[in-house]
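Using the hints provided, position chains B, C, D, E and F relative to the given structure of chain A.
Protein chains in written order, with this note's numbering: chain A, 4 to 77; chain B, 4 to 77; chain C, 4 to 77; chain D, 4 to 77; chain E, 4 to 77; chain F, 4 to 77.
If you are wondering where the hints come from, they were derived from the structure by calculation, not from laboratory data.
Take these hints with a grain of salt, some might be off.
The list treats identical chains as interchangeable, and a pair is accepted whether it falls inside one copy or across any two copies.
To be verified - Here are the simulated DSS-like cross-link-like pairs (lysine-lysine), alpha carbons at most 25 Å apart as the crow flies:
(1) Lys-77 with Lys-42
(2) Lys-77 with Lys-12
(3) Lys-77 with Lys-29
(4) Lys-42 with Lys-12
(5) Lys-77 with Lys-25
(6) Lys-12 with Lys-29
6 protein chains.
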Amino acid sequence: MEQWLPSLKTDTAQEGYDLAVKLARKGVGLTQPDAEVRKRLRPEYAENADSLTFASQVIAIHFQTVAAANDYWK
Amino acid sequence: MEQWLPSLKTDTAQEGYDLAVKLARKGVGLTQPDAEVRKRLRPEYAENADSLTFASQVIAIHFQTVAAANDYWK
Amino acid sequence: MEQWLPSLKTDTAQEGYDLAVKLARKGVGLTQPDAEVRKRLRPEYAENADSLTFASQVIAIHFQTVAAANDYWK
Amino acid sequence: MEQWLPSLKTDTAQEGYDLAVKLARKGVGLTQPDAEVRKRLRPEYAENADSLTFASQVIAIHFQTVAAANDYWK
Amino acid sequence: MEQWLPSLKTDTAQEGYDLAVKLARKGVGLTQPDAEVRKRLRPEYAENADSLTFASQVIAIHFQTVAAANDYWK
Amino acid sequence: MEQWLPSLKTDTAQEGYDLAVKLARKGVGLTQPDAEVRKRLRPEYAENADSLTFASQVIAIHFQTVAAANDYWK
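One chain only, chain A, in its complex shape (with noise of 0.2 Å):
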């Protein structure tokens, strides 16, 4: 099985915030496994705002989570 998520632990913020976006991409991904698929929904979906905020969301809900596990890189 694929490794992906070695550990939340991250150097800086911004890493954090990089693997954040990682965390919310997989759920996607799990949910559609077909790459194609997932290629051919992202020009309607990146051009719709709300389509945007909802994502940028789901970021903002990992970020929490990974901020938390490295002490908000205190």
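Here is chains B, C, D, E and F on its own, set in the frame of chain A:
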């Protein structure tokens, strides 16, 4: 009664993510227990970008819980 | 007055999930107290993928609360 | 000014849930202060499954706060 | 630059709720800085039940933050 | 690689709010990297009340994270 959630503990962050996916799907399954109906709904939903984002969001919320339960696998 | 929520404590994580489902449904029941109306709404909603995801999300939010109340059944 | 929120403390979990409902409704009331308008909106909204789920979700978020404020009534 | 958020501390829970409302509205104001446009949008939105619920939800999320900042006014 | 998030620490609550806005917008920018497209989407979205509420919600979620990272500027 079926035992499907023995614990929130997992060995790794990635297994924690898988558990979050399971928790999210269980919520759907308890609301619509008929597997045939869920299967019928799948194509429409797996090809709608916002539906995929919404599904990813529920996973994100459960992942917060599982991560906290495992002290973020520190 | 009906006693429906004696405590947030449960013996197991799975019972905690069941309690989260109960808490989510109570929120619907308090907003629409007429059981006949809720029954009438059910088919439409149980066959809509996004509606199922939204319902699963409310369960997820309550499960965070119940899990924290039980110190994650550690 | 009307005193409507003296404290987040409640004696029981169930009273905490009732307070969460009150907090959720207050948010609606502050955005639409006209009780007549809110009354007029009610039928449409109380008979829409997703609207009921969304209302239940706001209760769930406030219940997290109230439960934490009461140390989960441990 | 306008100082609009000197602190998250409030004397009472109710003042904390008011601050949460302010934080929610600020998010709208920063995205749509034109007060005339916001005023024009108001009737439509204040008479839609789901819009009111969504607005109440943002308040709920900010109230979590303000309540935690004040140690729940214990 | 562009450094856009050196830290979650801010001197004041208000600067924390500004950082939350930045984090929310970054999530949109990573999903739709084309600034021209984002600009084209703006009018439609900045004049839709629900879109503004959704955007405010993502800010609210990030503000929770930033506030926690700064121990609520106590």
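For each hint, the structure was consulted:
1. Lys-77 with Lys-42: neither (38 Å within a copy, 35 Å between copies)
2. Lys-77 with Lys-12: both (13 Å within a copy, 8 Å between copies)
3. Lys-77 with Lys-29: Only across copies: Lys-77 and Lys-29 sit 21 Å apart there, 27 Å inside one copy, limit 25 Å.
4. Lys-42 with Lys-12: neither (30 Å within a copy, 35 Å between copies)
5. Lys-77 with Lys-25: So Lys-77 and Lys-25 pass the 25 Å test inside a copy (22 Å) and across (19 Å) alike.
6. Lys-12 with Lys-29: both (17 Å within a copy, 21 Å between copies)
In summary, the numbered hints that this structure violates are 1, 4.
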